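Asks: Chain by chain, the residues:
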Amino acid sequence: MRRLGLALCVGLVAAGLFMTRPAQAKNVAAEILDILKANGQISEQQYRDLMIKAQAEDEKAAAASGLNQKVESLEKNVGKKNFLAAHWKSGLRLDSADGKFKLKIGGRVQNDWSVYSTRKKLRRRFGRIGDGTEFRRARLFMEGSVYGNIKYKMQYDFASSDPFKDAYIQVKKLPLVGNFTVGHFKEPFSLEELTSSKYLTFMERSLPNVFASGRNLGVRFNTSFFDKRTTAAFGFFRDGNPADTDTTFGNSGIYNATTRLTLLPWYQEKGKQLVHLGLSYRHAFHDKTNQIRFRQRPEAHLGPRFVETPKFHVDDIDYFNPEVAVVYGPASLQFEWLSALVDRPAGDDIQYDGYYIFGSFFLTGERRPYKTSSGAFDRVKPKNNFDGRGGLGALELAARYSMLDLNDEGLNGGELANFSLGLNWYLNPNVRFMLNYVRAMLDEDDCYYKGNMTDSCGDADIVQARFQVDF
Amino acid sequence: MRRLGLALCVGLVAAGLFMTRPAQAKNVAAEILDILKANGQISEQQYRDLMIKAQAEDEKAAAASGLNQKVESLEKNVGKKNFLAAHWKSGLRLDSADGKFKLKIGGRVQNDWSVYSTRKKLRRRFGRIGDGTEFRRARLFMEGSVYGNIKYKMQYDFASSDPFKDAYIQVKKLPLVGNFTVGHFKEPFSLEELTSSKYLTFMERSLPNVFASGRNLGVRFNTSFFDKRTTAAFGFFRDGNPADTDTTFGNSGIYNATTRLTLLPWYQEKGKQLVHLGLSYRHAFHDKTNQIRFRQRPEAHLGPRFVETPKFHVDDIDYFNPEVAVVYGPASLQFEWLSALVDRPAGDDIQYDGYYIFGSFFLTGERRPYKTSSGAFDRVKPKNNFDGRGGLGALELAARYSMLDLNDEGLNGGELANFSLGLNWYLNPNVRFMLNYVRAMLDEDDCYYKGNMTDSCGDADIVQARFQVDF
Amino acid sequence: MRRLGLALCVGLVAAGLFMTRPAQAKNVAAEILDILKANGQISEQQYRDLMIKAQAEDEKAAAASGLNQKVESLEKNVGKKNFLAAHWKSGLRLDSADGKFKLKIGGRVQNDWSVYSTRKKLRRRFGRIGDGTEFRRARLFMEGSVYGNIKYKMQYDFASSDPFKDAYIQVKKLPLVGNFTVGHFKEPFSLEELTSSKYLTFMERSLPNVFASGRNLGVRFNTSFFDKRTTAAFGFFRDGNPADTDTTFGNSGIYNATTRLTLLPWYQEKGKQLVHLGLSYRHAFHDKTNQIRFRQRPEAHLGPRFVETPKFHVDDIDYFNPEVAVVYGPASLQFEWLSALVDRPAGDDIQYDGYYIFGSFFLTGERRPYKTSSGAFDRVKPKNNFDGRGGLGALELAARYSMLDLNDEGLNGGELANFSLGLNWYLNPNVRFMLNYVRAMLDEDDCYYKGNMTDSCGDADIVQARFQVDF
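Residue numbers (the numbering used here), protein chains in the order written: chain A, 1 to 471; chain B, 1 to 471; chain C, 1 to 471.
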């Protein structure tokens, strides 16, 4: 009877084994157990318990070995040569594991809204400047670092009458000369100009930016020293007319030799505290047959140009630009002075100049990030993104005063000062809302326009907002 | 002799073991077998068989443990933070595993061909309208949902004189107000207008679409209730002149307050059967200094505008638009009536209006998919894609009648009716070929153009085809 | 004492086991060891050694089984339906594992710089042709092969006044007819025209390319036979005016029936040695109301058109174009003759024609790759990429002579010959620098312009360089 029970029991266990893995042989441990049992070295209880355990181990091993196929199928998907892992890091990035290939595809959209209120005298000149809305910038780009030493970028602005933005090829890490770049890109001149429009503290660059050359077709060498505590860049460019917005390629006959040096005498905790000093210089060789002029809007893009010199002939122009910036945690200060020394074929030299100074403070504790390799400011990343459930994003307050004097030697365009207040709300690293108030003050005592004395000067109040996404 | 044979045999087995895994130690099971054998508890045969088995298990275990490295290398490729899995789902999609980041990159190309046959009287007005071909639309877009609560889109049409299409930022799932959108996008008005041009049943929207405002710069709130059985949207927009195709930003002085409500009183089997009811309303605040006009082509883009009112001054306009759509499996019906009530600074109010009704039937059994979140129609997906080996794609037949009356109170632009037949061949979810016949009937009894009575009215026959890919 | 030591020792081992895997049960092998030890069948030393081994095996097994979760998480990332593996293969590619979905996103940038030196006589006609720089091409494209049998492409050139480039839908592998393409793409005419501008040996196509039709809206069938040793293509297109660069869609009234046949009588080692023969033919049906003209620049894009016929009426034109190319390792030769036989409504038939021949040699041993499916040349891939550390890239030298005769029957436009030298430096498969010297010789004995005899002919020397990236 007992034997029968035992046989039944063993039979059931065996049946159970067959049901779960009918065609599978026992593993070695199970076989040893059989032997031990046959030799009477283990009890029935031990045998049964260990048999179940051995089976479980075997199944585990089988599962692990089944992974092989899964992993092979995954490798088929992602094991290609130069596989690029797509991921989001303040934008779409595609990187190879060895770092030799890095692609970015993205763009930016800036939608501006503005309201103007002008004094009676100004209205006499410009008429009523109404409210308005526009796409300030609407860009797409593709960018890549490939084969470990080549970088390229192509960027197009659909909202601009001068739509070619960055479009260049760069050979990186050349011996002695550092990086060599050819194509259409920003001349190395002015901290504010070289800070991307995505990262500007105010909606518009300041008044003296009229002396910065922006993007031109040319070549540039740039490098950095001393653990990136200093950068140096030198370039040679074919310029469109710097006084007009319409840069036409190949027709202007102006060549620029441009250089910029930056230094970080103080740099703590990856930029939490820093002092930036810079000096940019540009010598513009002018074609004597062309005339140029300088003109500028107030710090609001939907308005008209408040100051404008007459057109005049030029031999060459020297542009100087010392830069200072200080970051101390959430607080920062920035100052630049820009000046143009014009050498004319006839008549005395002229000097136009301007400056700006601004301060910014993050109420939420972030700071303005500084990029050492380029010597310019970078993307603000909120400590907490806005998520509709408590996360607020980052809040920044800023104030700026800027001045532009285009009066000299009878070639007068007027004198304009701007005082601005700014509030920036960064919802996350890629989306921000900006609100700017600008008081534009056209000097009434020394009021010129296109060379003529005029009495239609005075103040304008401008409120403008920007909705920005960059991706 | 026998011992020698045995020793030889054991030697060979051992040699075999060493050849395959020369430097590897035995696993525990093998060692136990050695002990059992040394103790004489297992036979030679048992020992040899189990030894081989133990070796096989060991190799399996080694292989499984070798996976570790492979998996680590895969993780290096695809385990980045916010890794985006690229895949094709009616277009290129890049999704993070947590669903917080979803990107799309794509576009559409529509190449149209058309042949016109006009009656003698019409030719008197428009001359001979020849055959032609054009890119009706050629768009690229980038779109993303990022950080779980922000959506953006940038879309550009290279074939349009008004190339900015969707370009907006959306903050999703705000408490109380739902989604908030700012930028350039479609005003919430008219089912046909809000159905993407990729998914339209006919090549062109119907005649009364002249009263829909299309895309403008502005802000919108939208939400849905009752398990998406009803949607509500309200927006405020700065409008270009609705009567001209050339929408210029910021200059028109027209502001639109626009709202739309939709309801699904009947909705079965995920839209296999449904009744859609909608009501759109727009109040346009006009700048009294501008004049407007209404004008429209027949339902064919390569032809001239058959009806056109004179220009006139406007105080404000109320636009009404009730919508009805029914889907019953492969069959569907759609009807809209659009009307403009014009309040003028001088003279009586004017009413212009129009309507359309169409039916469609899928010979191959598909249906027109309805998207509950937007209250509009969506992408048709054939049951079998065309593959050149039996798969046919989807075939749809459709007929439409539409009418537009631009005659009222002496400000007459003419009355136009269109009857259309359509055949759509969907090769797969992304490619389709469309063939349309349009009979455009310019009312001869009540024939006006730019306010003048004229006798150059009559009928035109138009055959047009479209090759479309969207991706 | 000895027992105490032993107990301590066992205790420590046990403690060690507990510390590393406190909650884990022993595996079967360990349990068997326990039994063997309890039965006195193994020594203490054996027991301890094997116990450690058993533990190690168990840990290994546990690690392998832990992979399961990792692999599942990877599968979540990359196991989506139609997962597209992004990778770099001379550009960004996204491929599904089954090969049914293949996407490409990319573009090209070509930045040209040029200097002209013209003889006095030529300056009388064209003025001083200065130096200049431009974006010759700046394109973006998206391309896909989807559902296994559909291909599409959309390509836009931001630097061109005729910005639509490839924009088509292709149905592949149809029975009998091969591939069917509809949209905007190159007519099947001329080897040099069908070789992408990315892969041209010289910066510009040769003078007789004025007779090639380039891209037009239309349909095409194409296929290949005999293991791709021969290709055949036939298409029907609506043409813009072939004599003007400004192709307008739908207005020209010119239709082209175009066909091309190619043959590889000799093809060794995947194209290391080959002879290509081709014949293109185009019949252009002209609208009698339009006038046309032929005009051409020297082989430099920034200069003016040196030769130009007067405008004249046309019935139809037959274009003939035999092609020959030979590749022999790093050396290659290419020759084409193009001719236009013009049938006029009044007056005798006219024949204009031209030819070019060029040779190229790779100093670094590469060769010009030939693509059998299209019967045209393809991307050069350097044996070693330029890396700033010894890798040089590929260097190619080339010389070309080309001639264009636009004088016949009194409808004279002049006769122009060009001799060119070229140096190409391929840094890697995607970046190259080109340097061209062109001597353009306007025939002085037979000097016409717009039908008029003139004495302002002579030679021009042009040096031009191109920086190119395609991605």
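Any given hint might turn out to be false.
[Stated by the list, open to error] Ranges between beta-carbon positions, derived for each pair:
(1) C:Asp-316 / B:Glu-409: 50 to 58 Å
(2) A:Val-219 / C:Arg-119: 28 to 36 Å
(3) C:Gly-79 / B:Lys-270: 42 to 50 Å
(4) B:Ser-161 / A:Pro-322: 25 to 33 Å
(5) B:Val-115 / C:Asp-316: 49 to 57 Å
Because the hints were derived from the structure by calculation, they are not lab data. Being a predicted model, the structure only gives us computed values, none of them experimental. All residues carry an ideal CB built from backbone N, CA and C; glycine is no exception.
Asks: Decide, hint by hint, whether the structure agrees.
Replies: Do the hints match the structure? See the list:
no.	hint	verdict
1	C:Asp-316 / B:Glu-409: 50 to 58 Å	55 Å, holds
2	A:Val-219 / C:Arg-119: 28 to 36 Å	30 Å, holds
3	C:Gly-79 / B:Lys-270: 42 to 50 Å	26 Å, violated
4	B:Ser-161 / A:Pro-322: 25 to 33 Å	46 Å, violated
5	B:Val-115 / C:Asp-316: 49 to 57 Å	21 Å, violated
In the structure shown, a violation is registered for the earlier hints numbered 3, 4, 5, in ascending order.
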